[in-house]
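J.: Chains as they are written, first to last, in the UniProt record's numbering: chain A, 1 to 262; chain B, 1 to 315.
What the hints contain is simulated information worked out from the structure, not anything from laboratory work. No residue lacks a Cβ here, since even glycine has one placed at the ideal position from N, Cα and C. Incorrect hints may have been included.
With a Cα cut of at most 25 angstroms, we get these calculated SDA-like pairs of lysine to any residue [stated by the list, open to error]:
1. B:Lys315 <-> A:Ala145
2. A:Lys143 <-> B:Arg99
3. B:Lys207 <-> A:Gln92
4. A:Lys143 <-> B:Arg314
5. A:Lys70 <-> B:Asp195
6. B:Lys311 <-> A:Glu146
7. A:Lys70 <-> B:Arg312
8. B:Lys311 <-> A:Lys70
9. A:Lys70 <-> B:Arg99
10. B:Lys207 <-> A:Ala113
11. A:Lys127 <-> B:Phe241
12. B:Lys207 <-> A:Arg122
13. B:Lys315 <-> A:Gln92
14. B:Lys207 <-> A:Lys143
15. A:Lys143 <-> B:Asp308
16. A:Lys127 <-> B:Leu5
17. A:Lys143 <-> B:Asn2
18. A:Lys127 <-> A:Glu146
19. B:Lys207 <-> A:Gln88
20. B:Lys207 <-> A:Ala145
21. A:Lys70 <-> B:Val196
22. B:Lys315 <-> A:Met93
23. B:Lys126 <-> B:Gly136
Far from chain B, some chain A residues (derived; all Cβ distances over 10 angstroms) [unchecked claim]:
24. Asp5
25. Gly39
26. Arg133
27. Glu134
28. Leu152
29. Gly196
30. Ser219
31. Asp225
32. Gly250
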Amino acid sequence: MSRLDIEDLGISFGGIKAVDGVTFSAGAGEVTSIIGPNGAGKTTLFNLVSGVYTADTGRVGIDGTDVTGKPPHLLARAGMARTFQNLQVFPQMTALDNVMTGCHMIERSNLLADLLGLPSSRRETAKSREAAREALRRAGLEKLAERPASELSYGQLKRLEIARALVTGCDILLLDEPAAGCNAVETREVDDLIHGIAQEGKAVVLIEHDMRLVMRISSHIVVLDQGRKIAEGRPDQIRNNPDVIAAYLGAHGAAEAEAANA
Amino acid sequence: MNPALRTFLILAALVVAGALIFPSSYYYRVGTLVWINTLAVTGIVVLLGYVGLVSLGHAGFFAIGAYATAILPSYGVPSVLAAILGAAGAGLLAAIVGRPILRLSGYYLAIATLGLGMLIWMVLSKEAWLTGGPDGMTVMGANARDLFKLVGLNLRSAESWYWVTGTFAVLGAVLAVNLGNSPWGRALRAIHDSDVAASSLGIDVAKAKSMAFTISAVYAAVAGALLALANGYITPEVGGFMHSVEMVTMAVLGGAASVFGALVGALILTALPQVLTVFADYEHMILGAVMVLTMILMRRGLVPALVDLAKRRRK
Ligand SMILES: Nc1ncnc2c1ncn2[C@@H]1O[C@H](COP(=O)(O)OP(=O)(O)OP(=O)(O)O)[C@@H](O)[C@H]1O
Ligand SMILES: [Mg+2]
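One chain only, chain B, in its complex shape (with noise of 0.2 angstroms):
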């Protein structure tokens, strides 16, 4: 089967099994939050597994999106086109500091993007006057419930924000595999394994490195888009420091080389703080363990890991 189409059907028949399955409202917003946090993490994995990119600072950029969200409506910016504004200027952002950003190789660019990120969350934070500071904003706005009743649909909000949510993670998934099976794809899956080779080949390395990181920011902006709106309110810690961090470690917890390490590590991270109270109080110490873990017992990630187990099964 056509892998988009096969990410296609099980992403759907998941976000489908989960309406179906959830209790409360309370289920729908940890599913819209795996959701959204899917679809950031399938940035990671765009620039992470497919060209070996390491960036601590793609907070920054949801923290645009969500930022974009909250704040242009007060000045008359209908929800959706804040929402897109958002994500076209992380976008663009990505791509004008890329190319000498990704210059830099290994922990020189963790390094560079670390800083950014912390310049993004230092705006946010102190501009109190635009985005409210350390305390956050109200979104203002849209609400996918109303999106429903066109249709005829009335929905509780938070399960219209969970099926909103839900289709993203579905789209963001199916253009991330399109993507990797695609001529640049197979370009930056190249570089990730031999940027020597790669660039013999008439690959432009930093052009395709810049892509990559642009398409990412995009990624991590929507999702930040997404949040500001199915929350309704935002805190400068969408992004911070330990946001990248959590991010990287969903994509390297499930597979950074697939979007269903994507799913996985969104969906272990995000649902066991939800299950797990007393993870709430750790959460730094959880996750430093979980990347260590991973890093020492399953480099690949959990898929890649569960993946070989079944085949030496079957064998």
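In isolation and in its complexed conformation, chain A is listed as follows (with noise of 0.2 angstroms):
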């Protein structure tokens, strides 16, 4: 049994089939990335996994429990975490504010105890502070705890979205291209961090279009065309599958895949 299991999962846009019968798992402890062009429905997968969007078929499991059709807060609440591809960083807060946010689920506090301030909910808060400033420093980021979010980098906010997302105690991650707008020193950074959160146990679902990194650090990849699932398989057996690299790698794609290679 995987820890996530997805099945047959699809959804139309005005009689378009943005994702189509896509099935897949993910197990625990490994990196399971998504690649494909632009517009192969990718992003909408996550949307779906995440209960952002409700599919019009399939289904989603998490640890063996169906979980298909669960509201997002309910899916968190079952051990799922993700980042967007698109930012949904709370710019106003400041970078320790977002990631204590993170914290939610683990507070354990009530709205009379937070309206009065009382010392209950400032123990929470002081955990939170704890637990989100450990995040901040495993993703890199403990120098600008205490600036406001709309001040960071893109690359600096994408990994501030994983620690976000990790102070939240998930078992299961979704990464929406987390390396995007890195250089090349911040997409190893990238790297190691992921690489280090899988090795904790969870469950990594990567989209990303950097092959280097999908290439080194993927037990298993997917790979999605205009909606549908084309291939599946390790690392070395996607990059020199002809229908991939006729769909997505293509000529520069596989050099690079193979760079990363050597």
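Make one complex out of these two single chains by using the hints.
T.: Here you go:
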């Protein structure tokens, strides 16, 4: 049994099947990557899995339990966290507060205690602050903790979202293009970060266009094209798959992937 | 310094400062109105500033507090209990209607809350046997003077209400600031910026919005109860559309993101009409102009604009 099981998932927008009968699984301690050309339906797939969209067909299972059709906050409670391709940070808050928001589910506080500023409420805030600092440190952002999120660079915000997802204590982490907008050094940091997260036993599902990163880090790759899964396998199998090369990798992508291998 | 403590000290100092400089009962009465409005607008700050939801019906909740305090004593309910029941009733109503209404966003929500406020206003205006209808009604019962006599202080009525309403404004502000820096407060502010992200972090967005709506309704109702008691007389206008607009305008003018914005907005729009009597004749026009100018010149309101200015000066 895998952590996350996706079966026959599909959705149409105005008659166009953005995701069409996609099936795959993501195991604990592994990085499962979703690749494919622009508009292939990768982000839409994440939106289906995380409950932002309601699927027309198919099922989503977490640890063997059917969670199809559950709203996002209940999926989060079932252990799923995600980041967003089109950044969904809280720009008015500091970086630290952004990450502290991710502690919502582990905070044991009620509204009355919060209004009255009771010690129980303050204690929860103090605990969240610690957890958030630790997550920021992991994401290499500890120096920016007190800065408003609106002052961070694109690459930093991508990592801020990872830190925020991590403090939820998730078992399943969906990352939508975490290395987009990152320079080589930052990409390397993201690589290490993701690797470390998988090592902890979390199931990581990664959408990424940086083929070097994907080939280096993935245990398993799922290739989408026009909403459909056209291939699936280990990195070495995907790299040499003619359908994948035709649809996505092309000459350039294959070279890049080769370089990653070297 | 702890933000709640800082808020407490600043507002308490302002309450005391008012009492030190006011030369006559008239000033105390205006001061009382400022504190009542500050309290009501603090509720708007929780809803609009923290969560980003616009309500154009909060005068309805204000009126529920005011009329409960006016009506129930004639059925033998003590004034204080009547006020508490009014606040609880407003909170309950907000909790019940909040869920369906708050699924709407932007101007749909504004219109739905507008409708709610109008409904309440209609009931108050039409049920003359209970509310005195458009002419309003006298509020019997508690005088804050008695409260101070208990501890041996002999204050004028206007002074005593000033202290009572000032205390409520300070407490209301402290609670709101506590909330803002708490786990639920962070959840509310997260929804303000991105409800997709908020829900992906396990925040029940519908529940959180409904909570904020309920809290802000209770703020409005308590403010309404205080107005009824301090004035000794109320009319359905307290529940009218213009009063809802006035509350939102105060919040927006001062800066809806913070409790200090509520205070500054309430202070300006309450005190100004008293100073400039022309204001009274053109009240609606001026409210509209304030709204438009704030949106054009300083969308986040006066307090954030001044804070920015001060920061830039320091650099
Ligand atoms: N809410 C929506 N309404 C209508 N069409 C949508 C919606 N969401 C996605 N689509 C369509 O679904 C298709 C897949 O889009 P999606 O964003 O999932 O692609 P992607 O694989 O993530 O691409 P990229 O690599 O550029 O991020 C696109 O044609 C897009 O226009
Ligand atoms: Mg995408």
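J.: It remains to establish, for every hint, whether it holds in the given structure.
T.: Consistency of the hints with the structure:
In summary, the hint linking Lys315 of chain B to Ala145 of chain A is supported, as the alpha carbons are separated by about 22 angstroms, within the 25 angstroms threshold. Between Lys143 of chain A and Arg99 of chain B the CA atoms are separated by roughly 41 angstroms; this puts the pair beyond 25 angstroms, and the hint is violated. Pair hint Lys207 of chain B plus Gln92 of chain A holds up; C-alpha atoms about 22 angstroms apart against a cutoff of 25 angstroms. Distance check on the hinted pair: Lys143 of chain A and Arg314 of chain B sit about 23 angstroms apart at the alpha-carbon level, within 25 angstroms; holds.
Between Lys70 of chain A and Asp195 of chain B the alpha-carbon distance is near 16 angstroms, which keeps this suggested pair within the 25 angstroms criterion. About 16 angstroms separates the Cα atoms of Lys311 of chain B and Glu146 of chain A, which keeps this hinted pair within 25 angstroms; it holds. For the suggested pair Lys70 of chain A and Arg312 of chain B, the alpha carbons sit about 48 angstroms apart, so the restraint of at most 25 angstroms is broken. In summary, the hint linking Lys311 of chain B to Lys70 of chain A is not supported, as the alpha carbons are separated by about 46 angstroms, beyond the 25 angstroms threshold.
Of the pairs offered as hints, the one joining Lys70 of chain A and Arg99 of chain B holds, with about 19 angstroms between alpha carbons and a cut-off of 25 angstroms not exceeded. Distance hint between Lys207 of chain B and Ala113 of chain A is fulfilled; the C-alpha atoms sit about 17 angstroms from each other, no more than 25 angstroms. About 44 angstroms separates the Cα atoms of Lys127 of chain A and Phe241 of chain B, which puts this hinted pair outside 25 angstroms; it is violated. Of the pairs offered as hints, the one joining Lys207 of chain B and Arg122 of chain A holds, with about 22 angstroms between alpha carbons and a cut-off of 25 angstroms not exceeded.
A C-alpha spacing of about 21 angstroms is found between Lys315 of chain B and Gln92 of chain A, which places the hinted pair at or below 25 angstroms, so the restraint holds. Taking the CA atoms of Lys207 of chain B and Lys143 of chain A, the gap is about 34 angstroms. The hint is violated against a cut of 25 angstroms. For the hint pairing Lys143 of chain A with Asp308 of chain B, the CA-to-CA distance comes to about 23 angstroms; that is within 25 angstroms, so the pair holds. With a C-alpha separation of about 21 angstroms, the suggested pairing of Lys127 of chain A with Leu5 of chain B holds against the 25 angstroms cut-off.
Straight-line distance between C-alpha atoms of Lys143 of chain A and Asn2 of chain B comes to about 23 angstroms, which keeps the hinted pair within the 25 angstroms bound. For the hint pairing Lys127 of chain A with Glu146 of chain A, the CA-to-CA distance comes to about 17 angstroms; that is within 25 angstroms, so the pair holds. Note on Lys207 of chain B and Gln88 of chain A: the hinted pairing holds, with a Cα-Cα distance of about 21 angstroms set against a maximum of 25 angstroms. With a C-alpha separation of about 29 angstroms, the suggested pair Lys207 of chain B and Ala145 of chain A falls outside the 25 angstroms cut-off, and the hint is violated.
With a CA separation close to 14 angstroms, the supplied pair Lys70 of chain A and Val196 of chain B stays within the 25 angstroms bound. At most 25 angstroms may separate the alpha-carbon atoms for a hinted pair to count; Lys315 of chain B and Met93 of chain A meet this at roughly 22 angstroms. Among the hinted pairs, Lys126 of chain B with Gly136 of chain B is consistent with the structure: their alpha-carbon atoms are about 11 angstroms apart, no more than 25 angstroms. No beta-carbon of chain B comes within 10 angstroms of the beta-carbon of Asp5 of chain A; the shortest separation is about 20 angstroms.
Interface exclusion of Gly39 of chain A from chain B stands, the closest Cβ pair being 20 angstroms apart, more than 10 angstroms. Non-interface status of Arg133 of chain A relative to chain B is upheld: no Cβ of that chain comes within 10 angstroms, the nearest being about 15 angstroms off. For Glu134 of chain A, the requirement that its beta carbon stay farther than 10 angstroms from each beta carbon of chain B is met, with the minimum near 17 angstroms. For Leu152 of chain A, the requirement that its beta carbon stay farther than 10 angstroms from each beta carbon of chain B is met, with the minimum near 14 angstroms.
Chain B leaves Gly196 of chain A outside its interface by the beta-carbon criterion, the shortest separation being 21 angstroms against a cut-off of 10 angstroms. Residue-level check passed: Ser219 of chain A sits 24 angstroms from the nearest beta carbon of chain B, beyond 10 angstroms. No Cβ of chain B comes within 10 angstroms of the Cβ of Asp225 of chain A; the nearest lies about 26 angstroms off, and the non-interface call holds. At roughly 33 angstroms, the least C-beta separation between Gly250 of chain A and chain B is larger than 10 angstroms, which holds for a residue marked as non-interface.
Taken one by one, the earlier hints fail for this structure at numbers 2, 7, 8, 11, 14, 20, listed in ascending order.
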